[in-house]
Amino acid sequence: MATKKMILDLDTGIDDSLAIAYALAAPDVDLIGIIGSYGNVYVKEGGINSLKILELLGAPDVPVYLGESHSLTSDHFDRMQVSARIHGENGIGQVELPDPKRQLETASGVDFLIDSVKKYGKDLTLVPTGPMTNLAKALEKAPEIATEIGNVTFMGGALTVEGNVNAYAEANINQDAEAANAVFTSPMQLTMVGLDVTLRTLLTRKETSQWRELNTKAGTAFADIVDYYIEAYEETNPQVPGCALHDPLAVGVALDPSFITTLGLNMFVSTDKETYGRTIGDQARLDQPKTNVNVGINVDADRYLATFMKYLTGLFAKN
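Under our numbering, the first residue of the sequence shown carries the number 2, and numbering increases by one thereafter.
It is worth saying that the hints were derived from the structure and are not from the lab.
Using N, Cα and C, we set each Cβ at its ideal position, and we do this for glycine too.
Check the hints yourself; a few may be wrong.
27 angstroms max Cα-Cα, derived BS3-like pairs, lysine-lysine [to be verified]:
1. Lys102 x Lys6
2. Lys218 x Lys207
3. Lys142 x Lys45
4. Lys142 x Lys119
5. Lys311 x Lys291
6. Lys120 x Lys218
7. Lys45 x Lys218
Derived CB-CB ranges, DEER-like [as the list claims (entries may be wrong)]:
8. Lys291 x Thr262: 17 to 27 angstroms
9. Lys291 x Lys123: 42 to 52 angstroms
10. Asp29 x Gln240: 32 to 42 angstroms
11. Gly282 x Val241: 18 to 28 angstroms
12. Glu97 x Leu264: 14 to 24 angstroms
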């Protein structure tokens, strides 16, 4: 049992599935639970996808809780068609995995997060890779966790590059800018793994062919899942030679911050109609000596990819 504990907050599509695999394979952390979110898929579908991936990877003991099903300012969530194209209608590249034996937990994902912070404190790492609605809800219910939790490293945002929804906004932040702004402007210390670094960290068919050659259930399934993702990138992001490792990079950085170079900023998220979802420095707090967001602006992509392949290939070889 590792001292470090991790919770993933996922809208389980393809790169979220890779994030689960990275967290399970990393030797220095225990994945103690997953909280479901909405975005790539609907919240329940994402939760079931997480259970399927956990069972495929030999980790059926990890519980999956459902979080919020829509943003703070709406009463429902409509999945974008582009999400279905990129991740497949089922969220995992149209690969059919067996129905999970384990059921979704009945307790609230938000309450699970709060209880885990109380139990593990500074030994707990949270990695949100979807909208920040669950974390904002937890902060609203128990604001003290902002300074009690050990590490919050999220995938989202864009500072030095354009967004992937529009010129300003990255998709996860854009799903619930109000929630993201509540988190950014809280006392919580954050590391932002945004498009600035994830689009420089790519996987190609060269790597998926290595998984296929393992001739294991997990290796073949993940090769099929990620090849679907790469094909979608060829259509939607032809300038990117592969697929971006968005969510697994956030897990990697949470465990080894030296993978990225960061800039310390006090930030906010725009909720104005014209710039909704923009993650930017807060002029009102420029003169404050302490900053609460470390923004990834460069990445040691080769070293990260080598670690990623070592961890995941080893895990897939056993499953």
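Each hint tested on the structure:
Taken as a hint, the lysine 102 and lysine 6 pair is honoured in the structure, with Cα atoms around 24 angstroms apart against an allowance of 27 angstroms. Between the alpha carbons of lysine 218 and lysine 207 the distance comes to roughly 19 angstroms, so the proposed pair stays at or under 27 angstroms and holds. For the suggested pair lysine 142 and lysine 45, the alpha carbons sit about 23 angstroms apart, so the restraint of at most 27 angstroms is met. Proximity of lysine 142 to lysine 119 is assessed by CA-CA distance (about 13 angstroms); at most 27 angstroms being required, the pair is judged to hold.
Distance hint between lysine 311 and lysine 291 is unfulfilled; the C-alpha atoms sit about 37 angstroms from each other, more than 27 angstroms. In summary, the hint linking lysine 120 to lysine 218 is not supported, as the alpha carbons are separated by about 36 angstroms, beyond the 27 angstroms threshold. With a C-alpha separation of about 24 angstroms, the suggested pairing of lysine 45 with lysine 218 holds against the 27 angstroms cut-off. Judged by the Cβ atoms, the range 17 to 27 angstroms given for lysine 291 and threonine 262 holds: they are separated by roughly 20 angstroms.
Under the hint 42 to 52 angstroms, the C-beta atoms of lysine 291 and lysine 123, about 18 angstroms apart, miss the expected range. Look at aspartate 29 against glutamine 240: about 35 angstroms separates their beta carbons, and that is inside 32 to 42 angstroms. Take glycine 282 and valine 241: their Cβ atoms lie about 27 angstroms apart, and the range 18 to 28 angstroms holds. Between glutamate 97 and leucine 264 the C-beta distance comes to about 43 angstroms, which lies outside the given range of 14 to 24 angstroms.
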